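Protein chains in written order, with our numbering: chain C, 1 to 104; chain R, 1 to 674.
Accuracy of the hints is not assured; some may be wrong.
What the hints assert, rightly or not - Capping the alpha-carbon separation at 20 angstroms, the derived lysine to any residue pairs in SDA-like fashion look like this:
1. R:Lys-181 <-> C:Ala-99
2. R:Lys-664 <-> C:Ala-99
3. C:Lys-92 <-> R:Arg-169
4. R:Lys-180 <-> C:Ser-94
5. R:Lys-181 <-> C:Ser-95
6. C:Lys-92 <-> R:Lys-664
7. C:Lys-92 <-> R:Gln-282
8. R:Lys-426 <-> R:Gln-282
9. C:Lys-36 <-> R:Lys-426
10. C:Lys-40 <-> R:Lys-181
Claimed, not checked - Sample of chain C residues at the chain R side, in silico, Cβ under 7 angstroms:
11. Leu-8
12. Val-11
13. Pro-89
Don't read these hints as lab results, they were simulated from the structure.
Every value quoted in this text rests on a predicted model; they were computed, and no experiment measured them.
C-beta: ideal position from N, C-alpha, C; glycine also.
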Amino acid sequence: MSLVPSGLWEVARQRAALYCQFHHINEYDKQQLIDKACTKLAAMYGTSLSELELIQYLIQEVQIQLQHKAAIHHPSQPQPGYRRAQTGPTLKRSSIRAAVLERI
Amino acid sequence: MLQTPSMVNWRHTARQRRTLVFGIIAVILLWSVAWLGASLPAILPWWWQALILVPFAILLFWLALGFVTAVTGLWVLMRRGRFRVLSAANEPVPPLPQHSTTAILLPIYNEDVAYVFAGIKSMYQSLQAGGWLEHFEFYVLSDSDKSRQWLREGAAWQDLCDELEAHGRIHYRHRRHRIKKKSGNIMDFCRRWGNRHEYMIVLDADSLVTGETFARLVAAMEHHPKIGLIQTPLYATGLHTLFARSQQFVNRLYGPVFFAGLHYWWMGESQYWGHNVIIRTQAFMQHCDLPRLEASGALGGDILSHDFVEAALLNRAGWETWLAFDLDGSFERPPPTITDGLKRDRRWCLGNLQHWQIIWSRDIPHMQRFLMLGGIMSYVGSLIWLFWLIVLTVTALTYPDENIIEESIFSHSILWITVVLLFLYKMFGVIHTVKRGCVELFGGFANLWMGIVTETLMSILIAPIRMMYYSRFVIEILMGKRANWGTQQREGYRMSWASALREYAWIMIPGVLWALTLIVVNPVAFAWTSPVLLGLILSAPVAVLTSFELKPKTGLFITPDLIQPMDVLQTFPANHLDLSERSYVTTHDPFTRVVVDPLAQQQHLAYVPRRQVPAKTRQQRDELLNRALRMGPVSLSEAERQIFLEDSALLSRLHAAVWQLPEKQFQQQWLSHL
């Protein structure tokens, strides 16, 4: 998954694209989402950001948009990180007495 | 539900049968020992003669028990047997109870995740195909202590539940406080959910059981309310090393005869072999929570081979335990190589030797005492055999001109009795196979005989290796050395010559010296002991050659499971291959995957409880987070990784921060570890 950045924006876009890829988002939606995030950042900060800041802001923006998108498509589903799955049936604790092994 | 009339008087029949079995053994023993005693040279003092006769009698007793078991087994199979606890295979499965589901338990410890979950998938599909699924629930009971392991397990569980739409039918529990190993794991299940299930079926990580077998077991428990446990006969399958294939062949050919023979004299006091068994949950909970043994040294502490003891405790409480000798469809994997078999035996040896203390416990039924003694003797017997051979060798060296056993019709009769006891039972397996019309399932007569001859030669060579190892195990354990109770090797591999020579040199060198000494001093004695000495000298080549893989269609050691596999055996390979390619299995580092991959993290967090962390601890964990970001996952110890994995807030923060790292750091420290 190595990449060769041609510029700061390109590096940040590729990071965001990879993040979207992990979310299994289709190519069209991915491009739209990243374009939207980049446009918003460019309008807010112009070209004054360093590589680190640009990646941070872009990823944060993509994360927000992904959460927003998930909330629209699956309104009943709790947000990531807050869903608690049932891994087993409800506990009904029973006490157990250890067997006695007395020597003859 | 009432007992069937034929089951009511089983205790009386058992007494008669045991009298017959041990009566026959007594006759064989008296005949052989008397004539061996009479044939020993008079020049030997009485105590020297006793050193030859007593070990001989002990060894012959266990040999004769095996043989008589096979004879009675053939008898049972020919007469179709009384006192069968299960309905016949050609009868439809009786209706299953509606009042509760049966729990199918898979206690696992650092096992191959794809293997375990592929097995569950195959068994689930088999139950579904038979229409019995609604009567069962699966519980994966993990004792895995490595985070990379239980992360994979959790992901595999969720993935399988999603795929099969089995949420609420397949459960997963990871135990944080692992006490009393497997028996503690099962008891932990009983404490949590024992009251939900009238019956539980305990499996092993490598178990495969057909849906019909599950259903027949439950129906049998419903039909016989005094039964506390039914053990299924275990058939080995699934591997293709020469050693494993030979074990699978032996198991399939001679197994039915032995299982029927054991049923003949065990009856309602059967042993429990640890897995592929159905248990009445309440009976187990009331009587089978094992205490720690008080003895000092290696024999103290947790009871390791818990199964034999649990059967004894059920019997002590009045519950019957039966072996369903004629049940098909219950499988396990054999060890892939001799060396892996010996590693497993090292653990079992310790577990069995611990039983010496249980034998002397109050109110344990005598039959169970005897069976535990049998378990002990399967290891101590090797030490006695080695001791006997040493005594014979010393005799041959001390009296090189004497015939230890004079040539006579009686000495020949002892030789022939031994040969019959050792090899004749093999014919019983053939007779049973021919009678059932199953020769084609062993690849035809030619392949069947080729298998029998090859396996006999292999077992002659392997027996002395086992003798040496078992003797060493017993001595080491009695000197206080403990064994690791770890994960078994379940997949085949080819053993290298270098590792075989390193492993077996301690047997080969004494073997060569032993043979040379006898050749020089007493060639006749060398001829008598040559099969044993050959096994010792060739131990490394035997270990290497038997680890070679055979092609599935190779004619040697064909079994019915290769020609006509049951449904679980048919679906398992494809399920295993499919799951082996899933990302949670193929990833190098599941921890990094859970940190980086947002969906993997979401899946993991789904079963991590959200806990409040005190301020001071939070501060320490913030420092840990900063270190992880500065130096990457390689800087984190196993314990530190567990902190992240069990703290959902901390893990979420790490995930967000990792994705915001500078490009070079992100690539090198995190992405490259995926």
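Okay, the hints, checked on the actual structure:
Between Lys-181 of chain R and Ala-99 of chain C the alpha-carbon distance is near 17 angstroms, which keeps this suggested pair within the 20 angstroms criterion. Of the supplied pair hints, the one linking Lys-664 of chain R and Ala-99 of chain C is violated, its CA atoms being roughly 60 angstroms apart against a limit of 20 angstroms. For the suggested pair Lys-92 of chain C and Arg-169 of chain R, the alpha carbons sit about 17 angstroms apart, so the restraint of at most 20 angstroms is met. Pair hint Lys-180 of chain R plus Ser-94 of chain C holds up; C-alpha atoms about 18 angstroms apart against a cutoff of 20 angstroms.
Between the alpha carbons of Lys-181 of chain R and Ser-95 of chain C the distance comes to roughly 19 angstroms, so the proposed pair stays at or under 20 angstroms and holds. Using a Cα cut-off of 20 angstroms, the hinted pair Lys-92 of chain C and Lys-664 of chain R is violated, with the two alpha carbons roughly 51 angstroms apart. A hinted pair counts as satisfied when its Cα atoms are at most 20 angstroms apart, and Lys-92 of chain C with Gln-282 of chain R qualifies at roughly 14 angstroms. Pair hint Lys-426 of chain R plus Gln-282 of chain R does not hold up; C-alpha atoms about 41 angstroms apart against a cutoff of 20 angstroms.
For the hint linking Lys-36 of chain C to Lys-426 of chain R, the alpha-carbon distance of about 77 angstroms lies beyond 20 angstroms, and the restraint is violated. Among the hinted pairs, Lys-40 of chain C with Lys-181 of chain R is inconsistent with the structure: their alpha-carbon atoms are about 57 angstroms apart, more than 20 angstroms. Because the smallest distance between the Cβ of Leu-8 of chain C and any Cβ of chain R comes to about 10 angstroms, over 7 angstroms, the interface hint for this residue is violated. Hint on Val-11 of chain C holds. Least Cβ distance to chain R is approximately 5 angstroms, under the 7 angstroms limit.
This hint holds: Pro-89 of chain C has a C-beta 6 angstroms from the nearest C-beta of chain R, less than the 7 angstroms allowed.
Hints 2, 6, 8, 9, 10 and 11, counting from the list given before, are not met by this structure.
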